[in-house]
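These protein sequence lines are chains A and B, in that order. Numbered by the numbering used here, the letters in the first sequence go through residues 458 to 631 in order. Numbered by the numbering used here, the letters in the second sequence go through residues 38 to 465 in order.
Honestly, the hints are just simulated from the structure, not real lab data. Where a beta carbon is used, it is the ideal one built from N, C-alpha and C, also for glycine. Some clues are possibly wrong.
To be verified - Here are a few chain A residues that sit away from chain B, every Cβ distance over 12 Å (derived from the structure):
(1) ASP469
(2) THR475
(3) TYR483
(4) THR485
(5) LYS489
(6) ASP510
(7) THR571
(8) LYS578
(9) ASN585
(10) GLU598
(11) LYS603
(12) PHE613
(13) GLU614
(14) VAL624
(15) GLU625
Stated by the list, open to error - EDC-like mimics (lysine to aspartate or glutamate), calculated; alpha carbons at most 16 Å apart, straight line:
(16) B:LYS84 x A:ASP499
(17) B:LYS436 x A:ASP499
(18) B:LYS436 x A:GLU498
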Amino acid sequence: MKEFKGKVLFLDRSDINTDEIIPAKYLTENTKEALKPYLMEDLNLEGFNTDNDIDENSIIITRANFGCGSSREHAPWALEVNGYNAVIAQSFARIFQQNMFNCGMAAIELPHKTIDYIFDKYNSKATNIEIDIKNCVIFIESKTKKEKIEFEISRFEQELIFSGGWVEYADNNY
Amino acid sequence: MGKTIVEKIFESHLVDKPYEGINILKLDRVFCHEITTPIAINDLVLKGKDRVFDPDKIKAVIDHVSPAKDSKTALQGKIIREWAKRHGIKDFFDIGQNGVCHALFPEKGFVIPGHTIIMGDSHTCTHGAFGAFAAGVGTTDLEVGILKGVCAFKDPLTIKIELSGNFAQGVFAKDAILHIIRKLTVNGATNRVIEFTGNAVDNMSMDERMTICNMAVEAGATSGICSPDMTTVDYLWEFIKHDYESKKKALEEFSKFMPDHDAEYDEILVFDVSEIEPLVTQGYKPDNVIEISKIQETKVDQVYIGSCTNGRIEDLRIAAKILENKHIADGVRAIVSPATPKIFNQALEEGLIKIFMDSGFCVTNPTCGACLGMSNGVLAEGEVAASTTNRNFFGRMGKGGMVHLMSPASAAATALTGKITNSDLFNN
Ligand code: SF4
Numbered sequence: 458m459k460e461f462k463g464k465v466l467f468l469d470r471s472d473i474n475t476d477e478i479i480p481a482k483y484l485t486e487n488t489k490e491a492l493k494p495y496l497m498e499d500l501n502l503e504g505f506n507t508d509n510d511i512d513e514n515s516i517i518i519t520r521a522n523f524g525c526g527s528s529r530e531h532a533p534w535a536l537e538v539n540g541y542n543a544v545i546a547q548s549f550a551r552i553f554q555q556n557m558f559n560c561g562m563a564a565i566e567l568p569h570k571t572i573d574y575i576f577d578k579y580n581s582k583a584t585n586i587e588i589d590i591k592n593c594v595i596f597i598e599s600k601t602k603k604e605k606i607e608f609e610i611s612r613f614e615q616e617l618i619f620s621g622g623w624v625e626y627a628d629n630n631y
Numbered sequence: 038m039g040k041t042i043v044e045k046i047f048e049s050h051l052v053d054k055p056y057e058g059i060n061i062l063k064l065d066r067v068f069c070h071e072i073t074t075p076i077a078i079n080d081l082v083l084k085g086k087d088r089v090f091d092p093d094k095i096k097a098v099i100d101h102v103s104p105a106k107d108s109k110t111a112l113q114g115k116i117i118r119e120w121a122k123r124h125g126i127k128d129f130f131d132i133g134q135n136g137v138c139h140a141l142f143p144e145k146g147f148v149i150p151g152h153t154i155i156m157g158d159s160h161t162c163t164h165g166a167f168g169a170f171a172a173g174v175g176t177t178d179l180e181v182g183i184l185k186g187v188c189a190f191k192d193p194l195t196i197k198i199e200l201s202g203n204f205a206q207g208v209f210a211k212d213a214i215l216h217i218i219r220k221l222t223v224n225g226a227t228n229r230v231i232e233f234t235g236n237a238v239d240n241m242s243m244d245e246r247m248t249i250c251n252m253a254v255e256a257g258a259t260s261g262i263c264s265p266d267m268t269t270v271d272y273l274w275e276f277i278k279h280d281y282e283s284k285k286k287a288l289e290e291f292s293k294f295m296p297d298h299d300a301e302y303d304e305i306l307v308f309d310v311s312e313i314e315p316l317v318t319q320g321y322k323p324d325n326v327i328e329i330s331k332i333q334e335t336k337v338d339q340v341y342i343g344s345c346t347n348g349r350i351e352d353l354r355i356a357a358k359i360l361e362n363k364h365i366a367d368g369v370r371a372i373v374s375p376a377t378p379k380i381f382n383q384a385l386e387e388g389l390i391k392i393f394m395d396s397g398f399c400v401t402n403p404t405c406g407a408c409l410g411m412s413n414g415v416l417a418e419g420e421v422a423a424s425t426t427n428r429n430f431f432g433r434m435g436k437g438g439m440v441h442l443m444s445p446a447s448a449a450a451t452a453l454t455g456k457i458t459n460s461d462l463f464n465n
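My request is simple: use the sequences and hints to build the entire structure.
Laid out in structure tokens, this is it:
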């Protein structure tokens, strides 16, 4: 099972699409590792700088409909090879969210108000997160603040994470 | 309580319900293309599971970048080509026979009402036009589909969208779906299926139904779907005539997958298509839709007619009619990519290709090409395109480019003036 803890990268925008996460021109790569330098190269977000903002962090917190657009699993892979195993958002596009769990990664939804609250209290501060998949809790911590936030995911999604992804799960069960 | 089309399909394909709300479905078709499949193939090989569940149910094509543009795309083609050969996948379409997957596979008769279909491509929803449940998936789902012939889906919620009335002059299925996306927004249908119904849908050809189902995903939908009817049977007849005594019998069989009158919908929306004007997108989101009349002065550098949304024969006919005996404006580049070899041939026979060429269009071979900004018409930074495709995302057709989505009629009219233009101007 993957690890779900580390520093947070805040992306304060809705509808970040998979072309922004990994542009189509890199879909010709045949390995996940090759995607590493290009993560969010075309992200349309003021103040975001691909060269400085990606390293060091391992969890993304963002707004609604993250991962919309193309079905490319290159989007979760580009995150994975850069050390991002989890995205927390108000909502996700279906295929992206399924792809994340299929890869044994986590795409966790929190209510609108909670996301607003997190952006309000933690954005732009050095924030760390640890996600406990089994008990469905997020431990969030900045220099001045620390709290526990509960979330919901389905048993199936938990099982995908525990078994390391859908290929392993399906091969064992079907 | 009655059932929706998708509920009926799910019920008839259910293999397992491992947890509440999760359905493992048996697949009738797994479609593959050269962008998302090679990584799945490599991974299966690496895991020592280089097998396929049923070579006859897997259909594969090279379509996104064809001919290969460099050694990396050539390698992607090589991987899928050798894999198809190794596993006896007979329906593999290579250069010369290939075309845009969502236009090619229906044309071959591979999509039958009641089918379950996945593909590593978000516009797989197109095939819902035939009353099939067809959903785009990622590479891992595709991998499991190839290996096991199953896929997991959440319980299907359905939005029913009823389209009534008749289209005004110059307004097409593309305008209707842009209008719907504007109303639903880009995530208004997430995790739900859109069932298109109403007399305007009944009156649509299969080409038009594919156009509206194609863009269901742009509102976040898992799939779009239309109830099978005589139009569906007519389209499929050459492929199924040996299986049924008559068209009537075929329809009777397919009616198993028509929605019940008392089916339960998550939401019902009604639109009168006669109130829709020619539409266009602006900005970088497909729900940012505006009447063409409001941004008529916007200059464009390139016009693209093609793709799984609007690269079919009816689209080419509509565009050619507007272009006939006219020439595109100075300073505009115009490209048309007929979506499949059959469409290309038909367009040749009907004289459409000549019209396109005489008017100054570049005619390319069938491919996704410019649609995804990988080949055949990539935009330079700061350039503007009018396009019949389905996505206007930032960088979609080339880094720093702007894409305005519109119908083939509007795109043809735009090519003639060099500015975003309502095709009404050319109706004589
Ligand atoms: S034509 Fe465009 S949208 Fe359709 S399958 Fe090809 S790349 Fe995707």
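Hints, verified against the model:
1. ASP469: 16 Å, holds
2. THR475: Violated, because the least Cβ-Cβ distance between A:THR475 and chain B comes to about 9 Å, which does not exceed 12 Å.
3. TYR483: 10 Å, violated
4. THR485: 4 Å, violated
5. LYS489: Not fine: 8 Å to the nearest Cβ puts A:LYS489 too close to chain B.
6. ASP510: 17 Å, holds
7. THR571: 18 Å, holds
8. LYS578: Answer for A:LYS578: holds, closest chain B Cβ roughly 25 Å.
9. ASN585: Holds, because the least Cβ-Cβ distance between A:ASN585 and chain B comes to about 29 Å, which exceeds 12 Å.
10. GLU598: Non-interface label on A:GLU598 holds, nearest chain B Cβ at 30 Å vs cutoff 12 Å.
11. LYS603: 32 Å, holds
12. PHE613: Label violated. Min Cβ-Cβ 4 Å, cutoff 12 Å.
13. GLU614: 9 Å, violated
14. VAL624: Non-interface label on A:VAL624 violated, nearest chain B Cβ at 6 Å vs cutoff 12 Å.
15. GLU625: Non-interface label fails for A:GLU625: nearest chain B Cβ at 9 Å, not farther than 12 Å.
16. B:LYS84 x A:ASP499: 33 Å, violated
17. B:LYS436 x A:ASP499: Between B:LYS436 and A:ASP499 the Cα gap is close to 8 Å, so the pair holds against 16 Å.
18. B:LYS436 x A:GLU498: 10 Å, holds
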